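Please construct the entire structure, taking both the sequences and the accompanying hints into account.
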Amino acid sequence: MTGAALPDTEALRSEIWRLAGAVVDPEIPVLSIADLGVLRDVRVSDGQVEVEITPTYSGCPAMNMIALEIELALDKAGIRPVKVHTVLSPAWTTDWMTEEGRQKLRAYGIAPPAKGRGRRALFGEEEVCCPQCGSTDTTEIAAFGSTSCKALWQCRACREPFDYFKCH
Amino acid sequence: MPAGSITVAETPLVRFLLRRADDALILGHRLSEWCGHAPMMEEDMALANMGLDLIGQARSLYTYAGEAEAQGHGEDDFAYLRDVRGYGNLLLVEQPNGDFACTMVRQLLYSAFIDPYWRALATSPDATLAAIAAKAEKESAYHVRHSAEWVIRLGDGTPESHRRAQDALDGLWAFTGEMFETDDSERHLIAAGVVPDPARFEAPWRAMVADIVAQATLRLPQGGWMQKGGRAGRHSEHLGHLLSDLQYMQRAFPGASW
Numbered sequence: 001m002t003g004a005a006l007p008d009t010e011a012l013r014s015e016i017w018r019l020a021g022a023v024v025d026p027e028i029p030v031l032s033i034a035d036l037g038v039l040r041d042v043r044v045s046d047g048q049v050e051v052e053i054t055p056t057y058s059g060c061p062a063m064n065m066i067a068l069e070i071e072l073a074l075d076k077a078g079i080r081p082v083k084v085h086t087v088l089s090p091a092w093t094t095d096w097m098t099e100e101g102r103q104k105l106r107a108y109g110i111a112p113p114a115k116g117r118g119r120r121a122l123f124g125e126e127e128v129c130c131p132q133c134g135s136t137d138t139t140e141i142a143a144f145g146s147t148s149c150k151a152l153w154q155c156r157a158c159r160e161p162f163d164y165f166k167c168h
Numbered sequence: 169m170p171a172g173s174i175t176v177a178e179t180p181l182v183r184f185l186l187r188r189a190d191d192a193l194i195l196g197h198r199l200s201e202w203c204g205h206a207p208m209m210e211e212d213m214a215l216a217n218m219g220l221d222l223i224g225q226a227r228s229l230y231t232y233a234g235e236a237e238a239q240g241h242g243e244d245d246f247a248y249l250r251d252v253r254g255y256g257n258l259l260l261v262e263q264p265n266g267d268f269a270c271t272m273v274r275q276l277l278y279s280a281f282i283d284p285y286w287r288a289l290a291t292s293p294d295a296t297l298a299a300i301a302a303k304a305e306k307e308s309a310y311h312v313r314h315s316a317e318w319v320i321r322l323g324d325g326t327p328e329s330h331r332r333a334q335d336a337l338d339g340l341w342a343f344t345g346e347m348f349e350t351d352d353s354e355r356h357l358i359a360a361g362v363v364p365d366p367a368r369f370e371a372p373w374r375a376m377v378a379d380i381v382a383q384a385t386l387r388l389p390q391g392g393w394m395q396k397g398g399r400a401g402r403h404s405e406h407l408g409h410l411l412s413d414l415q416y417m418q419r420a421f422p423g424a425s426w
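Going down the list, the protein sequences come from chains A and B. Numbering follows the numbering used here, in which position 117 of the first sequence is assigned residue number 117; successive positions increment by one, without gaps. Each position in the second sequence, counted from 1, maps to that position plus 168 in the numbering used here.
It is worth saying that the hints were derived from the structure and are not from the lab. Being a predicted model, the structure only gives us computed values, none of them experimental. Take the hints with a grain of salt, since some may be wrong.
One side only, chain B facing chain A, incomplete, derived with CB under 7 Å [what the hints assert, rightly or not]:
no. : residue
1   : E210
2   : M213
3   : N217
4   : I223
5   : T291
6   : A295
7   : T296
8   : I300
9   : A302
10  : K303
11  : K306
Backbone N, C-alpha and C define an ideal beta-carbon position, used for all residues, glycine too.
In structure tokens form, the structure reads like this:
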């Protein structure tokens, strides 16, 4: 890559980042993969575009869909060919979710994962706020919810059941 | 070996990855057999979720095995195109689901071993292995908690649920010794510091299982004789039946995709 070509490449790179980052999680359509921290890197060299994503949960079936959506989004913008790679290291954690992503989740009715809780949070020391009324008087109904990333909780104050995005 | 099966170019790392992947795939498949049959809705979801975690772990491990082997094999080739003797999973994970108590006891016996094992593997100098383990250990922690809660509830439940949980524990116990076994191939990786020695997890595993079994008012089996062979491809009759279901489509229509 020559120095003269750099500005163009950099502009293309940030455009690809914007387009790919706007792809949404098919399971939680209010969250983009940029919000989730799933989009890891964009590389442009010699006309070849490579996008790196990282899986959230080992068995998340949304990953294939996300890779396809990235290719489609870039293809629509005339950017092709594109290679989407999955990188495993470092392993994704819910701490990578942006603050904006957390707010979007709450507005959508899903309690966002507590930050920096790690393993302690797995064993009953969680304090989960109801996304409807904000009460912390909540209880877990089922540790395994409608998708691998969610648990089912209920608010004792407003009685609403809600999804909780598990800490990972 | 049936027509269409692949020949794997095995190295200690490839063999290690396939064995761990086989554990996850076979147990994941067993859990998937519960789909639509669990005693209640939440449990149906939980079993399917745990199965999905395990199959996801298997996919990552198979994919890495394919890269390490460098013969052009991918996750599907390993899952669909090896026969019983080519599988290196633990005998424990291929045991039939039995009743719900049997499934939960099997899950506890495996998860209580693999959870700290993944945590140790997450510090491997092999970055890909460490990343797969780092993700898997968060999932296995949920599996330990879920299965332990059920074993306690069933053991300390009605006389009927207690009897079934005890029968499951007694019946599966002889398959647990294999989890802590190694062979020359794996010792090579242990000596190189790439993977932990499973033997060092036996005492903490036993202490944890004994604690849960005590809370469940169950009796820890005392028998010391252990059945082995899974790691070397010598399986119980159950694996062939499982694979005939899992592999049917690729065997009947080679290369089928959608």
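Do the hints match the structure? See the list:
At about 4 Å, the closest approach between the beta carbon of E210(B) and any beta carbon in chain A falls short of 7 Å, and the interface hint on this residue holds. Annotation: M213(B) was flagged as interfacial toward chain A, and the flag holds, the nearest CB pair being 5 Å apart, inside 7 Å. Annotation: N217(B) was flagged as interfacial toward chain A, and the flag holds, the nearest CB pair being 4 Å apart, inside 7 Å. Residue-level restraint check for I223(B) holds (minimum Cβ-Cβ distance to chain A is 5 Å; threshold 7 Å).
A distance limit of 7 Å between C-beta atoms decides the matter here; for T291(B) the minimum to chain A is near 12 Å, and the interface restraint is violated. Hint on A295(B) holds. Least Cβ distance to chain A is approximately 5 Å, under the 7 Å limit. A least Cβ separation of about 6 Å between T296(B) and chain A falls short of the 7 Å threshold, and the interface hint therefore holds. Using the Cβ-Cβ criterion of 7 Å, the hint placing I300(B) at the interface with chain A is satisfied: the shortest such distance is roughly 6 Å.
Because the closest C-beta pair between A302(B) and chain A is about 4 Å apart, less than 7 Å, the hint holds. Hint status for K303(B): holds, given a least beta-carbon distance of 5 Å to chain A, under 7 Å. Of the supplied interface hints, the one on K306(B) holds, with its beta-carbon coming within about 5 Å of a beta-carbon of chain A, less than 7 Å.
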